[in-house]
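Line order of the protein sequences matches chains U and G. 1 is the number of the first residue of the first sequence in my numbering; add one for each residue after it. 1 is the number of the first residue of the second sequence in my numbering; add one for each residue after it.
Just so you know, these hints were derived from the structure itself, not from any lab. Cβ coordinates follow ideal geometry from the N, Cα and C atoms, glycine included. You may find that some hints are simply not true.
In silico SDA-like pairs for lysine to any residue, Cα to Cα no more than 20 Å straight-line [claimed, not checked]: (1) U:K76 - G:P231; (2) U:K771 - U:Q741; (3) U:K343 - U:V620; (4) G:K28 - G:P183; (5) U:K76 - G:G230; (6) U:K449 - U:V496; (7) U:K76 - G:P183; (8) U:K343 - U:A594; (9) U:K76 - G:Q233; (10) U:K76 - G:V237; (11) U:K771 - U:G692; (12) G:K28 - G:R52; (13) G:K62 - G:R247; (14) G:K28 - G:Q233; (15) U:K343 - U:R581.
Derived DEER-like restraints, expressed as beta-carbon distance ranges [stated by the list, open to error]: (16) G:A217 - U:E75: 41 to 49 Å; (17) G:D198 - U:E758: 50 to 58 Å; (18) U:E75 - G:Q307: 19 to 27 Å; (19) G:D300 - U:A136: 32 to 40 Å; (20) G:Q307 - U:I638: 43 to 51 Å; (21) U:A136 - G:A241: 21 to 29 Å; (22) G:P165 - U:V143: 54 to 62 Å; (23) U:G755 - G:L13: 18 to 26 Å; (24) U:I638 - G:D300: 19 to 27 Å.
Stretches of chain G that chain U covers, calculated by requiring three or more beta carbons in the stretch to come under 8 Å of a beta carbon on chain U [to be verified]: (25) 165–171; (26) 227–235.
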Amino acid sequence: MQDDRPAPVRSRPATGWLTMLLALVACVAAEVAVHGMDRAIHAGWYVALVLVFALVTLTTAELLRRRFPMVGATEKSRLSWAGGIVVAGVALEALVRECLNMPMLLDVLLIVIVRDMVIALAILSHHEDAQRSCNAFATFLIVFASASVHALWIQGLVVVFSLIGVWWLMGTHWESLQHRLEASSDQALPRKWLLTVPLALLGILVCVPVASRQIHALEGFMPTSGGRRDSSPMARSGVGDGDALVAGLDNIRSFAPIEDAPFVSSHEPTLYDVYDDMYNEPVVQKKSKRAISLPPQTTVRPEDPSMAKSSRASRDFSTVRKTGKPTAQRIRDLESRALFYVKGRVPLHLKLESFDLYDGVEWRAEPLPEAPPHLRIDMIHGRPWLRPQTTSECDFFAAPESHAIKVVDLDTACIPSPNEVTGVHIDQVAQADFFRWERPGVIGIDQPKLPDLLTVHVQSRIVDPRLFARTRPYFQGGAEQCRQFGDDSRSEQVRVLAESWVVGVPAGWRQVERVIDRVRTGHVLDAAAAVSSDSTHSVADFLLVSRRGPDYLFAGAAVWALRSLGYTARLASGFYADPRRYDGRSDHTPVMPADLHFWVEVHAGPGHWMTLDPTPGYVVLSPPLSLAETILQPFRAIGGFIAGNPWLSLAVCAGIALFAHRRAVIADTIDEAAWRLWHYRDDRVAVVRMLGLLERRCARAGLPRPRYATPSRWLAEVSERMVVAAPSIRPLADDITAFVQLADQALYAPAFAGGRAEEACRSAGRIWSWKHLMAVTSLERFATPPNSSKHLNKELS
Amino acid sequence: MTVPACHDMTAALDRVEAVRNRLNDVLKGKRDVVQHVLVCLLARGHLLLEDRPGLGKTTLAKALADAVGGRFARIQCTPDLLPSDITGFNIFNQKDREFEFRRGPVFSDILLADEINRATPRTQSALLEAMAERQVTVDAECFGLAEAFFVIATQNPHEQHGTYPLPEAQLDRFAMKLEIGYPHRDDERAMLAAAVADAAGTRHADGGAILEAGQLAAIQATVAAIPVTGPVQDYLVTLAASTRNHRDIPLGVSPRGLLTWQRAAQAWAYLAGRQFVTPDDVQQVAVPVLSVRLGAERGDMESLIRQLLQGVEAPTWS
Chain U
1 MQDDRPAPVR SRPATGWLTM LLALVACVAA EVAVHGMDRA IHAGWYVALV LVFALVTLTT
61 AELLRRRFPM VGATEKSRLS WAGGIVVAGV ALEALVRECL NMPMLLDVLL IVIVRDMVIA
121 LAILSHHEDA QRSCNAFATF LIVFASASVH ALWIQGLVVV FSLIGVWWLM GTHWESLQHR
181 LEASSDQALP RKWLLTVPLA LLGILVCVPV ASRQIHALEG FMPTSGGRRD SSPMARSGVG
241 DGDALVAGLD NIRSFAPIED APFVSSHEPT LYDVYDDMYN EPVVQKKSKR AISLPPQTTV
301 RPEDPSMAKS SRASRDFSTV RKTGKPTAQR IRDLESRALF YVKGRVPLHL KLESFDLYDG
361 VEWRAEPLPE APPHLRIDMI HGRPWLRPQT TSECDFFAAP ESHAIKVVDL DTACIPSPNE
421 VTGVHIDQVA QADFFRWERP GVIGIDQPKL PDLLTVHVQS RIVDPRLFAR TRPYFQGGAE
481 QCRQFGDDSR SEQVRVLAES WVVGVPAGWR QVERVIDRVR TGHVLDAAAA VSSDSTHSVA
541 DFLLVSRRGP DYLFAGAAVW ALRSLGYTAR LASGFYADPR RYDGRSDHTP VMPADLHFWV
601 EVHAGPGHWM TLDPTPGYVV LSPPLSLAET ILQPFRAIGG FIAGNPWLSL AVCAGIALFA
661 HRRAVIADTI DEAAWRLWHY RDDRVAVVRM LGLLERRCAR AGLPRPRYAT PSRWLAEVSE
721 RMVVAAPSIR PLADDITAFV QLADQALYAP AFAGGRAEEA CRSAGRIWSW KHLMAVTSLE
781 RFATPPNSSK HLNKELS
Chain G
1 MTVPACHDMT AALDRVEAVR NRLNDVLKGK RDVVQHVLVC LLARGHLLLE DRPGLGKTTL
61 AKALADAVGG RFARIQCTPD LLPSDITGFN IFNQKDREFE FRRGPVFSDI LLADEINRAT
121 PRTQSALLEA MAERQVTVDA ECFGLAEAFF VIATQNPHEQ HGTYPLPEAQ LDRFAMKLEI
181 GYPHRDDERA MLAAAVADAA GTRHADGGAI LEAGQLAAIQ ATVAAIPVTG PVQDYLVTLA
241 ASTRNHRDIP LGVSPRGLLT WQRAAQAWAY LAGRQFVTPD DVQQVAVPVL SVRLGAERGD
301 MESLIRQLLQ GVEAPTWS
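Throw the hints in and build the complete structure from the sequences for me.
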């Protein structure tokens, strides 16, 4: 053998990169499916996670490929590697479960195992066999994700996955052909097919759904569970609505809060009155005062006069059933403890009432203004939208967004809606006089209460503080009663306290923010802490004495403190759609009676109010972020943390840098300590473990063993180079030879008779020490690399 | 056959070392060639020397025969050489009125077949049975060859006109193929000086057999019994499989070739004074063992074999 260069590092073929891309797409899709589009985790964090995941996977893959090319070369090695990753993942889950009490569902755990397998195999994608296994698991993941989440961008991921998959298949096929072709062949990869086939596939995938947002081509071929006049027991979900509640057309036996349901006659109070041409028998509405007539094609006649109701946003199905023939012929009601459901971004403050005057004990409900904004109906995309007319034009609003309020049982005519409502839509209600202002900023219907199972769409907009530079807010204006402040001594104490909070803070939004923050952080939320019955000023008592109380005291105190500083503020009450209640499966957030809540509204401009919440644990809905902001958000958060904790961040960075710089020394010290502390009953094991230690040490010092060389031979070769770099070890030549022979014996002899093996190992640890190895590396870094084949040639000759 | 006990190994190694010194003295500056010749001898294989004329092939063979104490025979292969010229033939004895067998040069301990590729394929194949089974069959009668029968065949790779390249089946009978090459300048000067000294009688050249009768066979048996552990055998099998799956190698290693490879590695371990085989031993003998049987182009052979070895991970502790 003439050359002893390290084993040639296998480069990553194009199909390997494609495999990594496939794994990335599949893992992202699976991650979203596993977390069920949890709105508590912002999309920005998903993007950051994806970036971090891609970076870590790529780095590990390249590191493994360059430094440990033997990993994954054989089936056994691949299994060991992937198995190790999976076991580590499961162990981590168990640790998290035990330490943080965050258990993972079993099916989710299984998907996580598959995901870990995909990641492990993607790292080994420079081996062709690993690619096949990786892509098989990745395909399972993407199929699982697409079946679990009904989101448009998941379909986009499927399309991307398919395209990359086609490229991968073509590349793999071409590589297999290349192996069989003559080496002299000048055949090149047919690039036109590389482009044509995926584009054709993309065209098919894009054209079919774009035609009419429904995949008509698949109708009749795919099993469905509803929504398309078909019901298949084989379907987990169907084309169209899937397992969500869907509107029936025939044999209707239940009613649920869904918008496209047909209108049926009922004795429940309702907005709608069914005009039935077929039987010419008008329905008597006992409680409804007014009604809207509907065309016959939108109405059906119920089969069962006592129709069941589904008050939930989704259906549950238990696989554990009673045995025997089913007896119940009638569908029962699906009860729900929720007052209503919210579909859309949460958290959300849904106002029902606002309060302006305060006498120290009681807040007085704010009366309707004499001339509330005019309400009119606009037809948008064929649907009637109620729009309050506003005259003021302020430019500090984020883009409007819609929420669906699905009423279950709410005994009020007010529509719980966010601040700054810009539109209200109830299907088929196209007359403005069916609505009215119930409270300031709160629209209601012209009925005693909201009908059960009614779906109301509410469009609103949020005051975005980031836009205050564009349009300056006017915090001091607005109604006189919302600027009311007491002239008693307790109120004066509150003013002094509030002024101390804002010392040095510029007036305006910064001060408002500071007051809200001080109320939130300086007091304890305690729902059981009631105000004393003999209190004459509950807010002052809360701020100055008890510092503990329920949410209305937090909100009241914030309002009073803001007013003391001259800002216009009012108390608002209603419901808080808590993101912690969000149900990812049905994509709804239930609102319970316990979600009744108080918060603050600050005057931001003529007729405009801004929602603020000083209660700890309650968050105001942030404006929707742009794509750039979404991506930058986690990085901003990290930057904010660093800015807020400079010394801690500096210490952590210094620690990380030090660790990164000295990582090899630290790892080697730990490695050697582990060898010394281990009790060896067998001398052979001691020698083998010392060989492992020396090999890792050589690799860390930049002298990795070529995969085809035996450890003993490589150590002998390194020792020759060490003699040049560190002549002090020249007298130890006998020890070197002895240990090399001992290593051969330990590894390859059928019987081991190594006397004084531990002593030889300790001597080897000193000979092939970190210092000596680094001397070799340092010497060769500034000199011509030695011809490492000398030693091997010498043996050969 | 009794295998020498372990305590005899040192004495035997001393004898082998003496043989090595004798050969090194004869073939100056070719220690690696001598090492492989000894490996081939101890592994009970046959050797194919491929090089130009006048590089010491015959000298090496004669010195080896002299050192191991065996009979030496030489065949100069030509196109008109007949198989019976190698194996021997039956001749009618007028006096006894019956046929008697005249033994050919194959009935020796060390046989030098010079320029073997100049013999016709029919004659070349006559050596097949002798090399593989250490016996010859003449007129349906089998004759056993010497226990330490060792063939050194030579061929000139540069003169292909009028030659008959050895078929793969014939090549597979050889354990190794070696090239001697020109000696170094200093070695050539030493060679010239030694020739003058020999002629002048001022230099005493060693002569005579070093090994006793049957000692070579005993050492060969010892070599064959050196243990090869499972991981090393797995390594050998993996290497053999890689030769069969390589796109540039038309003919992979046969099971017979694999056995030869293992035996050569055992011999290398023996010469290193070890009682076990390591992957290094396998690698050290890979080039001469594989180059005779892979069927690839001559110039690419060594780099190809090196590439093969680098593609397979050496067994360690896993």
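Legend entry - Restraint status (C-alpha distance of U:K771 to U:G692 at most 20 Å): holds, 18 Å
Legend entry - Verdict on chain U covering the segment 165–171 of chain G, where coverage means 3 or more residues with a C-beta closer than 8 Å: With 0 residues in contact (Cβ-Cβ under 8 Å with chain U), the coverage given for the segment 165–171 of chain G is violated.
Inset, instruction - Can you let me know if the beta-carbon spacing of G:A217 and U:E75 is within 41 to 49 Å? - result: holds, 44 Å
Inset, instruction - Check the following: the C-beta atoms of U:A136 and G:A241 are separated by a distance inside 21 to 29 Å. - result: holds, 26 Å
Inset, instruction - Take a look at whether the Cβ-Cβ distance between U:G755 and G:L13 falls inside 18 to 26 Å. - result: Holds, since U:G755 and G:L13 (Cβ atoms, about 22 Å apart) stay within the stated range.
Legend entry - Range hint 32 to 40 Å (beta carbons of G:D300 and U:A136) holds or violated: holds, 38 Å
Inset, instruction - Measure nothing beyond the straight line between the CA atoms of U:K76 and G:P231; if it is 20 Å or shorter, mark the hint as holding. - result: holds, 15 Å
Legend entry - Given pair status - U:Q741, U:K771, alpha carbons within 20 Å: This hinted pair is violated, its Cα atoms lying about 23 Å apart.
Inset, instruction - Would you mind confirming whether the straight-line C-alpha gap from G:K28 to G:R52 stays at or under 20 Å? - result: holds, 17 Å
Legend entry - Distance restraint hint 19 to 27 Å, applied to the beta-carbon atoms of U:I638 and G:D300: violated, 56 Å
Legend entry - Given coverage of the segment 227–235 of chain G by chain U, checked by CB-CB distance under 8 Å (3 or more): With 4 residues in contact (Cβ-Cβ under 8 Å with chain U), the coverage given for the segment 227–235 of chain G holds.
Inset, instruction - Please work out if U:K76 and G:V237 have their alpha carbons no farther apart than 20 Å. - result: OK: U:K76 and G:V237 at ~16 Å, within 20 Å.
Hints 2, 6, 7, 13, 14, 24 and 25, counting from the list given before, are not met by this structure.
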